[in-house]
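Residue numbers (the numbering used here), protein chains in the order written: chain A, 1171 to 1674; chain B, 47 to 226.
Mixed in with the good hints there might be a few duds.
[What the hints assert, rightly or not] Here are the computed distance ranges between Cβ atoms for each label pair:
| no. | chain 1 | residue 1 | chain 2 | residue 2 | range |
| --- | --- | --- | --- | --- | --- |
| 1 | B | 127 | A | 1213 | 13 to 23 Å |
| 2 | A | 1226 | B | 62 | 47 to 57 Å |
| 3 | A | 1233 | B | 62 | 22 to 32 Å |
| 4 | B | 80 | A | 1233 | 25 to 35 Å |
No wet-lab data here; the hints were simulated from the structure. Yeah, the Cβ is synthetic: ideal placement off N, Cα and C, and Gly gets one too.
Residues per chain, in single letters:
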Amino acid sequence: MCDSGRKSLTQDRDKYEKRIAVLERKVAREKKARNIAEHQLEKYSLEIYETNQSLKESLASAKKKQAELEYLANASNDVASEASLNELMLNTVALTGQFSAADCGFYLVTKEGRLQSNDSYKLWQKNKGWKNDPVLVKSASELLPLNKSISFDSWIVSPIDDVEIGIREGYKWITYTNFPMMNDRVAWIVFLSADDHLDVESLYVLETVRGHLLNGIRRRISDVRILKRTVQLQDTVSSLDVAKRQLVQSEKMASLGQLAAGVAHEINNPIAFVYSNTQVLKDYLEDFINLDKTIRKVLHDNKSLDEPLYESLCERMELSFLQDDSLSLVQTNLEGLHRVKEIVDNLKSFSHAGDGVFSNISIFDCVESALKIAWNSLKYEHQVDNQLSKDIPSILGNMGQLQQVFVNLFMNAAQAMEGGGTLTISQTLSAKTLTIQVSDDGCGMDEDTVNKLFTPFFTTKPVGIGTGLGLSISFAILEAHSAEIQVNSKIGQGTSFNLIFPLL
Amino acid sequence: MKGIVFVKFNEFIEELWGIEFWDELLDDADLSSDGVYTTVGTYDDQELFSLITLIVEKKNISPKDAQFAFGKWVFKELYNIAPPGAHDFKDIFEFLHAVQNVIHVEVKKLNPDALLPEFEFLSETQNKLSFHYLSPRKLCFFCEGLVHGLAEHTGQEVKVYQSECEHEGDKRCVIVVEKV
Chain A
1171 MCDSGRKSLT QDRDKYEKRI AVLERKVARE KKARNIAEHQ LEKYSLEIYE TNQSLKESLA
1231 SAKKKQAELE YLANASNDVA SEASLNELML NTVALTGQFS AADCGFYLVT KEGRLQSNDS
1291 YKLWQKNKGW KNDPVLVKSA SELLPLNKSI SFDSWIVSPI DDVEIGIREG YKWITYTNFP
1351 MMNDRVAWIV FLSADDHLDV ESLYVLETVR GHLLNGIRRR ISDVRILKRT VQLQDTVSSL
1411 DVAKRQLVQS EKMASLGQLA AGVAHEINNP IAFVYSNTQV LKDYLEDFIN LDKTIRKVLH
1471 DNKSLDEPLY ESLCERMELS FLQDDSLSLV QTNLEGLHRV KEIVDNLKSF SHAGDGVFSN
1531 ISIFDCVESA LKIAWNSLKY EHQVDNQLSK DIPSILGNMG QLQQVFVNLF MNAAQAMEGG
1591 GTLTISQTLS AKTLTIQVSD DGCGMDEDTV NKLFTPFFTT KPVGIGTGLG LSISFAILEA
1651 HSAEIQVNSK IGQGTSFNLI FPLL
Chain B
47 MKGIVFVKFN EFIEELWGIE FWDELLDDAD LSSDGVYTTV GTYDDQELFS LITLIVEKKN
107 ISPKDAQFAF GKWVFKELYN IAPPGAHDFK DIFEFLHAVQ NVIHVEVKKL NPDALLPEFE
167 FLSETQNKLS FHYLSPRKLC FFCEGLVHGL AEHTGQEVKV YQSECEHEGD KRCVIVVEKV
């Protein structure tokens, strides 16, 4: 081989060696890169696995939190609901049992350590719901410190020694708490669990619900108390209402007692003249009988009766006078009896207890009848100036009650005007009200007396004369009529009462 | 910088000047990674800049041309491995708008630590679009090259230039794309 050939071969070999070296380095880099990439891949795989595990844990935690929140929300809803105490306890047992994965649960009520009747010993069971199981409930309740009067402020968890009691169902844990109830009773909520381990974290959630439940129980107890008080109050109001009616009636009868002498006198007068007239009428009737007898005798003796003889007989008996006077006497008697009837009618309506029913009434009629009742107290020494017009608008009210108010005012006025004076009754009409003013020109009252005027049992009258209830009862009656009463009084000048009634 | 850029740069140089030249570059550059690049790794930005500086010296070209050429070449490579959502755009302006809102979002899903440039669009007409190129790496010429690569892909003729450039003393880089 020539030199040039050898040289060329050497160059080629160098070139190839160089290229092989470059390629070897490239392969080495690629191999290294592959190792790095594979290592990275493993790292990613591990990261993915760890992320996956972390996600699973987060999901489990989120599910647990969701269950806790659902439990809390449901328990809060139950507490806030209008469910009765018994329903609340039953719902709480079911909800809490489900949440804490207990195998069964129940609630019972004790008083002084002894079981009270408890809905036939209802027992909640996981996945089965409620059933009656007095044996299990009684056996499990023996594990509770029922006779110790302790009120727990949390849940108590205790292991069960199943030899100790007659429960043969493999329960390992008992979880319970209690709540004070009304009348020294205690409510217990109890759960039994066959799991080897209890989820301690869930106890914190149970604690929260325990707090809610305690508030719910307190609210319900307080509701029951409020209800009882409301019933008591309603009873008291009814009793007061009855007492008030009795008081009004008593005061009315007391007024009637004061009026009795005057009323008797009012009745006595007409009765006296009716009696006297009737005596006269009796004489007149005897005269008529005698005339009849005389005429019959003449007819029997003479077989006839001529006009001159009849006229002479009549003249002798003063028949014309008898006839005129008899008619006059009968008329007077009728009037007298009418007066008596009227007085009795007014008294009847006054003394009648009444049913308190309101109707359209005329104040004019009411005042008129009240004046008649009080008339005897007024007619001798006082003038009555009744300016009320007969056609004043009617108001909605109770006749008997308002009569009582006016009689009371008139009697007071008469007593304030000892020795004489004028009682004036007048009216003022506006678009919405009718004001009746009752004024006297009597002794008047000082400010202190005016201020106490409507206070029950306050009176300026001597013992036995006034009850001290008249004006306070009048005030109550007017209040019930939505009427207002105003008093103006000046010592030595007189007093006026304005009764302002709403118009229909 | 993500390894995909180094891997593609390696392929680009080898395709252009052969494996010996790449081998020579690595030998001269004395990089901490020894040029062992994987697409899943992340490498020091400076390694790319060192390699470009060496090429500029050895081949007597400007850094601008080097970046531009690599950008133009690498577009189709990146496009081929881009997530599916990146393939729905037919117009260059439409694609540029989608870079930030679609493509970079997809890139971030796979590479949460990737440091990506931001485009702030300044003006747009039917034929002209200008945007502010923001990147601490200041590879604005590389970006120009990418836009050219994109234009080749969409089959549109464009003129790409910078109205402002930090390498020319301006405060920012504004890239203008004009459809011709």
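Status of the hints after comparison with the structure:
no., hint, verdict
1, B:127 <-> A:1213: 13 to 23 Å, "holds (21 Å)"
2, A:1226 <-> B:62: 47 to 57 Å, "holds (50 Å)"
3, A:1233 <-> B:62: 22 to 32 Å, "violated (58 Å)"
4, B:80 <-> A:1233: 25 to 35 Å, "violated (50 Å)"
Hint compliance for this structure: hints 3, 4 are broken, all remaining hints hold.
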